[in-house]
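Student: Residues per chain, in single letters:
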Amino acid sequence: MPMSDPAITPELVRQHNLTPEEFDKIKGILAREPSYTELGIFSVMWSEHCSYKNTRPLLKTFPTKSPRILVGAGEENAGIVDIGDGLAIAFKIESHNHPSAVEPFQGAATGVGGIIRDIFTMGARPVCAINSLRFGPIEAGAGAAHNRRLFGGVVSGIAHYGNCFGIPTIAGEVYFDPSYEDNPLVNAFCLGVLRHEQIARGAAKGEGNPVFYVGPATGRDGLAGAAFASRDLTEESAGQQRGAVQVGDPFMEKLVCEACLELLATDAVAGIQDMGAAGLTCSTCETAARAGTGIEIELSLVPQRAPGMTPYEIMLSESQERMLIIVRAGREDEVKRIFDKWDLPWARIGQVTDTGRMVVKHNGAVVADIPARKLADEAPVYQRESREPAYLQAVRAFSLASVPVSTDPAADLKRLLAWPGIASKNWVYRQYDHTVRDGSVVCPGSDAAVIRLKADSLPPGSANGSAVEKYIALTVDCNAAYVYLDPYEGAKIAVAEAARNLACAGAVPLGTTDNLNFGNPHNPELFWQLKESVRGLAEACRFFDAPVTGGNCSLYNQSPNGPIDPTPTVALVGLIEKREHITTQWFKDEGDAIILLGDVIDEQDPMRGLGGSAWLQGLHQLKTGQPPRCDLEKERSLHNTLRGFIQCGLIKSAHDCSEGGLAVALAESCISQQIARETPRLIGARIDLSFAVAEATRLDALLFGETQSRVIVSVAPLDVVKVVERAKILGVSAVKIGIVGGGELTLKAGKWEGKWPLAELHDLWWNSIARAMAL
Amino acid sequence: MNFAVLQFPASNCDQDALHVVQNVLGLSGRFVWHKENSLAGIDAVIIPGGFSYGDYLRTGAIARFSPIMQAVREFAVKGGPVLGICNGFQILCEAGLLPGALIRNRSLQFRCEHVFLKTVTRQSPFTHTIPAGKILRLPIAHGEGCYFADDPTLEQLEKDDRILWQYADDNGKLTEAANPNGSLRNIAGICNEARNVAGLMPHPERASELILGSTDGRLIFEGLAGWLEGRLAKAA
Chain A
0 MPMSDPAITP ELVRQHNLTP EEFDKIKGIL AREPSYTELG IFSVMWSEHC SYKNTRPLLK
60 TFPTKSPRIL VGAGEENAGI VDIGDGLAIA FKIESHNHPS AVEPFQGAAT GVGGIIRDIF
120 TMGARPVCAI NSLRFGPIEA GAGAAHNRRL FGGVVSGIAH YGNCFGIPTI AGEVYFDPSY
180 EDNPLVNAFC LGVLRHEQIA RGAAKGEGNP VFYVGPATGR DGLAGAAFAS RDLTEESAGQ
240 QRGAVQVGDP FMEKLVCEAC LELLATDAVA GIQDMGAAGL TCSTCETAAR AGTGIEIELS
300 LVPQRAPGMT PYEIMLSESQ ERMLIIVRAG REDEVKRIFD KWDLPWARIG QVTDTGRMVV
360 KHNGAVVADI PARKLADEAP VYQRESREPA YLQAVRAFSL ASVPVSTDPA ADLKRLLAWP
420 GIASKNWVYR QYDHTVRDGS VVCPGSDAAV IRLKADSLPP GSANGSAVEK YIALTVDCNA
480 AYVYLDPYEG AKIAVAEAAR NLACAGAVPL GTTDNLNFGN PHNPELFWQL KESVRGLAEA
540 CRFFDAPVTG GNCSLYNQSP NGPIDPTPTV ALVGLIEKRE HITTQWFKDE GDAIILLGDV
600 IDEQDPMRGL GGSAWLQGLH QLKTGQPPRC DLEKERSLHN TLRGFIQCGL IKSAHDCSEG
660 GLAVALAESC ISQQIARETP RLIGARIDLS FAVAEATRLD ALLFGETQSR VIVSVAPLDV
720 VKVVERAKIL GVSAVKIGIV GGGELTLKAG KWEGKWPLAE LHDLWWNSIA RAMAL
Chain B
0 MNFAVLQFPA SNCDQDALHV VQNVLGLSGR FVWHKENSLA GIDAVIIPGG FSYGDYLRTG
60 AIARFSPIMQ AVREFAVKGG PVLGICNGFQ ILCEAGLLPG ALIRNRSLQF RCEHVFLKTV
120 TRQSPFTHTI PAGKILRLPI AHGEGCYFAD DPTLEQLEKD DRILWQYADD NGKLTEAANP
180 NGSLRNIAGI CNEARNVAGL MPHPERASEL ILGSTDGRLI FEGLAGWLEG RLAKAA
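These protein sequence lines map, in sequence, to chains A and B.
Okay, so the first sequence: first residue is 0 according to numbering that gives the first Met the number 0, each after it adds one.
Okay, so the second sequence: first residue is 0 according to numbering that gives the first Met the number 0, each after it adds one.
Check the hints yourself; a few may be wrong.
[To be verified] Where chain B lies over chain A, by a calculated footprint (3+ residues, C-beta under 8 Å):
#: 1; region: 162-173
#: 2; region: 424-432
#: 3; region: 649-661
#: 4; region: 676-685
These are computed hints drawn from the structure, not numbers from a lab.
Since we're looking at a predicted model, the values are computed, not measured.
For glycine and all other residues, C-beta sits at the position ideal for the given N, C-alpha and C.
Work out the full structure: start from the sequences and follow the hints.
Tutor: In structure tokens:
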């Protein structure tokens, strides 16, 4: 044992975020006291980030199976789904919240790097990225300048990494709310493509097979980042842990990716895993655990960036862009040849054994000797206490009728379009390369993005039968205000909205990856939010036949000022069968009819759509009221009906009604097509909602209520009757509400009439975030 | 007719360029690795976009020392056509094959969006088939695309009719709003004195198929292919 190792004291155990009971369990597994290095290894492997010790029982309730699933949730670094013709996609979302809170640029950049590695580790070529971001308010308030700095830093970090790597960042969502002020959320998603036979496994198979380390040298950066992510964020922890944030090098990642895919094509690889959270520790024990083998490594052979690194530091470093590769014995020269071609460092650091143990040596002396499976798979599991949060009583008691009736709905629409939660996110995505790889069919700015997969979307070595083009739709959604106000209903809505966005693009869901961003699970009220959200997600994913293929849990998202709103981010991936079915949200041609599919208002409770709405938040600074209901049966009928219409060629545009309700969705359908820089295509509409105006109906509830299960479509005039009649037969309400055309948006509702020049609406919607960022 | 698409470490538009050459235009082409030192059998060279060598030091500053760049110089001297796109344009400037430099966008931010381009001259292998007055719509995706050169160089470029494309609005007007990066004189692309080496910041290879929303980029590749046909026929 190195001389410098500190003695194992209860205080040291506590500092490693391990409870006395967990420490006892470690001693039981080892049948002795752990060494300092072993203590570090257990602390990261048994952190929530790596072990899911607080969430495992909940995650088991997710639907995870379908005939399309080739690699299921939790099996490997990412799930894999069959898309037909021998092709498959690997995708996953992962959080980098705490690193981004203390160092936004690098924190976000390495979040992108980490998720890209998870995808090429599976043998897939990464072909697109999306992300979901949340910050404190950027326009006003004491923290606005700080929030803008975090927002700007995160966006440029994502842009830096993704753009240099050469992956289109093609969709995303951004929200602003005071609950994220000290704890922003950065969830990054990546999708890759491969043929079925190219799936690589993170298993250390074959006793005697050599273990290779490839990629840049190990440094002291990112020490124990996984453990950092698994505790509350405080001023003190942020200060101490700035060193836990890794530094990313997308150039290196691109080379490592290309070299790994080239190597995988040679069949010389028995197993491969990236060194992500918990670095060398996680990759060695997990690969051994998966294969039921043992693994032995010698740390003096690991390339090191800093002199005098201790075994503890080497094992816990989260230096980026590193991979662990188990090579079939006798094929070592191929590793050397390929990595030398790419000028990448590589080293043989050990071999696979049959002992079932993870043995770590440093200059020949054993510094850790742990049963791999017990370390990787037998982390303690906790059934946390849960209790309905007290605040929900006030939420339920809140009467939406007590909110004053809008005196100027025309002005409200303008304010909503300029509200950062609704305003165009072009300030964000214009910084992301979203057109590289020649596959971006629908770019950011429509309900779902669509990419085309073609022969060169595949990794090398897949020449046969790969000419079939495929179209994949992607979206990421979560209205966390709804989740805060009703975790079960809100989580259902997150999935429903994502599935609706896919349907609007013409896609059938293939699978889901979720990112559970919550507060401290030891707080029963916060754990209740988590439990209820998972119940809602599981039910909705089952309903839309979108099994969960993997994801990430990020707990402890809170600061001394309180927890974040519960945010179960949901990314859904769908398949579009034919090129002709790809549909966008903006109106196309003058004279087309505008039809609302779904209910114009919640008839049982006309005010319900305003609960948790953008109108209430943005215009009244109120985040309360019961959120809208989501009837999953109704929602599914809507999606199936819409897709059916799209497949028959009846639909010219389809846009889902979400934040801001009907009025915002209509405005966006008029102003959201962008031809080129400074050149939007604006197309007007004349809407008449008079049929929906009853005596008791409030205009604000009609215009801005967020009743679920609604889509605005435009169709050729001759197809109106067909669409309306068929929708009714299929049990979906459908009513013609207007006509496309003219230079303004006009909206009539009984005696009231609103008129908005399109250029003004577009300016408010398109430029508001840029203006806020220039403050 | 054989196209070469150069591959530097972290070229990332290499596949896109080859895709257009092979699958859209139906021509033959292959990747040429930066460590190779010959372009034997090659009729045209495309230097694709990306972040060669991570753009460390300066964009394109390291790539120009690659073994293949010596071969590109010799190829260009003999009149072979070379097209640099985005990072490829930056490399050509660093290598001295084109004048001027590409510096940080005025906004100090990366920009990815579609732009309109006015084709200034049809006197080049890359522009000769673009219909007169046609405004091209192509995507850009760069952080360092602001074209910069001293006044005499700019005067010379204009005098020699070597500015190939300028950022414009949809009517072909050279406005400040249409200029996405602050390029002097709205310059988006230029060629060398012999007119066989050209570079541009926008990405024609991302606008060569209807499904990607624009086929205007194809005009540039098709023009080059047509010009090459003539050149090869003459040589034969």
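Student: Each hint should be assessed against the structure and marked as holding or not.
Tutor: To see whether the hints hold, each was checked on the structure:
no. : hint    : verdict
1   : 162-173 : holds (count 4)
2   : 424-432 : holds (count 5)
3   : 649-661 : violated (count 0)
4   : 676-685 : holds (count 3)
In this structure, the one hint that does not hold is number 3.
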